[in-house]
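A.B. asks: FYI, the numbering for the sequence shown is 129 to 384, going by the numbering used here.
For the record, the hints were derived by calculation from the structure and aren't laboratory data. Any given hint could turn out to be false.
[Claimed, not checked] Label pairs and their computed distance ranges (CB to CB):
no., residue 1, residue 2, range
1, S364, E245, 25 to 31 Å
2, E245, R221, 36 to 42 Å
3, L206, T132, 32 to 38 Å
4, R221, D249, 26 to 32 Å
5, D277, Y175, 35 to 41 Å
Just so you know, even glycine gets a beta-carbon here, dropped at the ideal spot from N, CA and C.
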Amino acid sequence: MRFTFSTMGTVVSTQWQQSQPMTSTESLISAEVEKVFADFNLTFSLYLEDSELSRIARGALKLEDSSEQMRSVYAQALEWRSATLGAFTPHRRDGVIDLNGIVKALAIERSGTVFEEAGVDNWSVNAGGDVLCGTSTRGHTVGIVDPADRQRLLCAVTLGTGRRAMATSGNAERGDHIWALTPSAVGVFAQVTVMATDIVTADVLATAIVAGGPETLDDVTSRWDVDVLTIDSAGSFRATPGFQGALERSDHSDVG
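All chains, full assembly: derive it from the sequences and hints.
C.D. replies: Right under this line is the structure:
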């Protein structure tokens, strides 16, 4: 079963297979996943004038008077800012709160829970190249887009069984929306892909590495159990051993 829809300025693609009876119908699952993304977008989009975050941005609503969900997500983003030593931030340069760097991942994560609660044992959610998979059989293989040519796949990697996530960050697709933490980090990495057990960690750390450069890359790989593929501005690759292993296995699993 496949289901695709547009939201948050990107395309979300889901697919699943089921060998055992489910607790919900396919149409209900699809509708619930789409609602998850729609609800997050209605609350956190800075492109929707009436969203809660837009009202905060223009001063019509104080953060302390916002919803519990808003304050919780903002607090989570601040925790990530501290954990990454400022490489990830929930603020734009003008001080406006921008939670785009974490909200899409939270929507993907919640969508995975929808599948699990419905009893689906083999599923994937791909939102603009950020992927969360759940499988009890064999891993999904996922393509990574070439930052120099968005119509071309750079490579494919195999994610393992259980809940596995992969997120890719860079300025190639959406322009210069990730700001360098230091002058030495400017333009070093054209694209960074992170594999982890959860999508929020993968997405946040991919963004942090792009912003922080090689110093943040070394810090992330020393403190988190993740695997990373980086592509620098000259087109050179650097991959952790675990990522290299996923690349080597990618010819032996079904594309997800």
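A.B. asks: For each hint, tell me whether it holds in the structure or not.
C.D. replies: Results of checking the hints against the structure:
no.	hint	in the structure
1	S364 <-> E245: 25 to 31 Å	violated, 43 Å
2	E245 <-> R221: 36 to 42 Å	holds, 40 Å
3	L206 <-> T132: 32 to 38 Å	holds, 34 Å
4	R221 <-> D249: 26 to 32 Å	violated, 45 Å
5	D277 <-> Y175: 35 to 41 Å	violated, 27 Å
The structure shown violates the earlier hints numbered 1, 4, 5.
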